[in-house]
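With the hints as extra help, turn the sequences into a complete structure.
2 protein chains.
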Amino acid sequence: MSTAAPHSTGRDRLWSVDEHLEDVLTAIRPLEPIELHLLDAQGCVLVEDVTVPVSLPPFDNSSMDGYAVRVADVAGASEEFPAALEVVGDVAAGQAGLLHVGPGQAARIMTGAPLPPGAEAVVPVEWTDGGLGEGPVDAMRARSLAPEGATGHVRVHRPAAARAHVRAQGSDVRAGDRALEAGTVLGPPQIALLAAIGRGTVRVRPRPRVVVLSTGSELVQPGEALADGQIYDSNSFALTAAARDAGAIAYRVGAVADDADTLRSTVEDQLVRADLMVTTGGVSVGAYDVVKEALAHAGDEDEPGSGVEFRKLAMQPGKPQGFGTVGPDHIPLLALPGNPVSSYVSFELFVRPAIRTLMGLTDVHRPTTRATLTADRPLSSPRGRRQFLRGSYADGTVRPVGGAGSHLVAALAHADALIVVPEDAESVEPGAEVEVVLLG
Amino acid sequence: MSTAAPHSTGRDRLWSVDEHLEDVLTAIRPLEPIELHLLDAQGCVLVEDVTVPVSLPPFDNSSMDGYAVRVADVAGASEEFPAALEVVGDVAAGQAGLLHVGPGQAARIMTGAPLPPGAEAVVPVEWTDGGLGEGPVDAMRARSLAPEGATGHVRVHRPAAARAHVRAQGSDVRAGDRALEAGTVLGPPQIALLAAIGRGTVRVRPRPRVVVLSTGSELVQPGEALADGQIYDSNSFALTAAARDAGAIAYRVGAVADDADTLRSTVEDQLVRADLMVTTGGVSVGAYDVVKEALAHAGDEDEPGSGVEFRKLAMQPGKPQGFGTVGPDHIPLLALPGNPVSSYVSFELFVRPAIRTLMGLTDVHRPTTRATLTADRPLSSPRGRRQFLRGSYADGTVRPVGGAGSHLVAALAHADALIVVPEDAESVEPGAEVEVVLLG
Chain A
475 MSTAAPHSTG RDRLWSVDEH LEDVLTAIRP LEPIELHLLD AQGCVLVEDV TVPVSLPPFD
535 NSSMDGYAVR VADVAGASEE FPAALEVVGD VAAGQAGLLH VGPGQAARIM TGAPLPPGAE
595 AVVPVEWTDG GLGEGPVDAM RARSLAPEGA TGHVRVHRPA AARAHVRAQG SDVRAGDRAL
655 EAGTVLGPPQ IALLAAIGRG TVRVRPRPRV VVLSTGSELV QPGEALADGQ IYDSNSFALT
715 AAARDAGAIA YRVGAVADDA DTLRSTVEDQ LVRADLMVTT GGVSVGAYDV VKEALAHAGD
775 EDEPGSGVEF RKLAMQPGKP QGFGTVGPDH IPLLALPGNP VSSYVSFELF VRPAIRTLMG
835 LTDVHRPTTR ATLTADRPLS SPRGRRQFLR GSYADGTVRP VGGAGSHLVA ALAHADALIV
895 VPEDAESVEP GAEVEVVLLG
Chain B
475 MSTAAPHSTG RDRLWSVDEH LEDVLTAIRP LEPIELHLLD AQGCVLVEDV TVPVSLPPFD
535 NSSMDGYAVR VADVAGASEE FPAALEVVGD VAAGQAGLLH VGPGQAARIM TGAPLPPGAE
595 AVVPVEWTDG GLGEGPVDAM RARSLAPEGA TGHVRVHRPA AARAHVRAQG SDVRAGDRAL
655 EAGTVLGPPQ IALLAAIGRG TVRVRPRPRV VVLSTGSELV QPGEALADGQ IYDSNSFALT
715 AAARDAGAIA YRVGAVADDA DTLRSTVEDQ LVRADLMVTT GGVSVGAYDV VKEALAHAGD
775 EDEPGSGVEF RKLAMQPGKP QGFGTVGPDH IPLLALPGNP VSSYVSFELF VRPAIRTLMG
835 LTDVHRPTTR ATLTADRPLS SPRGRRQFLR GSYADGTVRP VGGAGSHLVA ALAHADALIV
895 VPEDAESVEP GAEVEVVLLG
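Residue numbers (the numbering used here), protein chains in the order written: chain A, 475 to 914; chain B, 475 to 914.
This list has only true hints and no planted wrong ones.
Which copy is meant is left open, because identical chains are indistinguishable; a pair holds if it fits in one copy or across any two.
Dumping the calculated SDA-like pairs for lysine to any residue here, alpha-carbon to alpha-carbon at most 20 Å:
| hint | residue 1 | residue 2 |
| --- | --- | --- |
| 1 | Lys786 | Glu897 |
| 2 | Lys786 | Asp492 |
| 3 | Lys786 | Glu822 |
| 4 | Lys793 | Pro598 |
| 5 | Lys786 | Gly796 |
| 6 | Lys786 | Pro598 |
Hints are computed from structural coordinates only; laboratory data are not their basis.
Computed from a predicted structure; not experimentally measured.
This is the structure in structure tokens:
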């Protein structure tokens, strides 16, 4: 495990938020790329430069339903003096060009169908009598109902310039062009392009598999009855949802009792499906802080490079944190504090960027902005610690939601931003400009 | 199927974009709510007002690892003159309050553990000698390694006010409070709150199941070889990805050949897993436009209320469109044009809002903004049609990406916005302000 240069040393050292984050992100490497089917690659980062193998369109084709004609045959045509052409057949999309359009001839052609040899332009069906011998029509009759439409004669009412209503081969992209660059995130339009150039699979970094487990003998599964001294497990639900939201495939293990052996064996058991592990609780200075007890020296002897380091951060909430790796494959593990607000804020600041780094994204952080504080009274904050208060942001202003207590989960559910009070501030006056992390 | 009041009538009627959208959204109703496990409800809309059944925290508890004491016993305590108290045992989180703290006594207590009867405040372990009889300590020793920490005596170095480091019962939310209102979208913090108040399941509108199928005999699955006149199917991939992106569970059927019977039976076959169906291609004026042929009168006789109406929109790209319902359950179906850009733009304008309406969301549209056009030359647009050009938006300006052709899928993959040229404009000068739909 790498560690950023400490400002102080020893177990009393207080890490800054930035030092801890740098330590985490320095140690975490993007996942190895794999070849995935297009739709499985949605939201993933491309790791190859994709080159166009065959031009798009692959052949000259019609942009309209109409008739493929020779320009000279329709020169000067009008509704009063139409050009009468022999219809030599249909060219539907998906048909190879078996027809040839000679002088005085036309082929009925559908949108996307290849321009047949001999033809130079397409006249839309609305510029013709559709072969019915009367005035202009607004559509062809369905082939299945009126097969005679592919034969007989058509009257064309307007001239067409060479290449009119023809999409030229290669007018979208040309063979050899760069379709997409490595690093592109694959959304629907990028998937459209990859499919269009014939790529059924693509090389991307996969979504990381994140295992979330909460610890605490006081935790009860929601929906069950609470006994004295118990509370409901909310962290494993919140962080599983947040991990998915960040782009991961998240597995919720749920609450593990405060027993170091149980915790150690649960972590080992889950390693097989984890690219990243997240625990909550058990990281502070109490006598039952089993995450610390179970993982602080995990693998020190058997597995070089393994082990989780526990530390104090100059941060509120979220002072106690653990980070390191576990198991023979050195799976990264972030051990977050157990208070619901502490664990959620810690997730946003450290786990979300870790997940996005595993995905190979370069933009790993929540957006931040500056906002004017709207509040009834000054915000107070402990000197030397960076405080993250829950807030509601709109139109350049932010107001606090609920108090600073790290157990206030109701307020968290009504916030959409974190208000950042820097280390050197002990209070912030209403009307002051503050930094805001946008969670939405 | 309801239809908005037409500006003109008959089959030549040209619908505006807004009329078609209104027609679609008027006909589509949010899905019936169901009870889902919390994590299955992520991203869904709550349909019940959720009331807090039991206050949070459910009991007075410690916010620190430390000692639960009586205020009088530690009054005036200092490091020089510590208060020596008898340790009567541990109170760990999850333990019911079996201990009683009498005069001259203290209970060692962990964060989140219930304040035992008799105790009035908590002193952090850092304000004590941790029972070791020496100076201040910075942590407790683990219970498993040092069980004697739960007994003996502790010296307290600082006084504590009544209720110090105690989180009061109900200080987060109180029984009977409104936790969340109907209409709330459930993200991670809302899931945290629901779990914290003990809700294992919640009543929400489910994600709609959207079946996507493309039509066209010219379409080949990406990864296979192209024969003459063939192109790759991109629409079914792009729209499946886009449907997921909008919040749906999307099923890609893939390309169906241009045969009305095959299409009709495929649609009927898929109905069982569809809350919404989307087709591409086959809706224009050609002789092989089988979606129109297969669905225009589907169920007219057997199924009152069924049937898909095909119409022309005053829009570019995306002029031909179909909308209606299919099958005995009147599943809504949007039939989009087949050109890749046309189908994608149509999806964004009509299908995405339909999906989000099915989800019960009120904010169903992509955000729009005004931007200054940056371009080398004026944009031209057909009078009487609303044009949607692909663009790249940044910092209040937008520049066109690629041309207007509805086959230009490469440009689409490099755009993040649609530039809207209104019906009454035939050209837009560089520097003019335009409306922009943000796709990102």
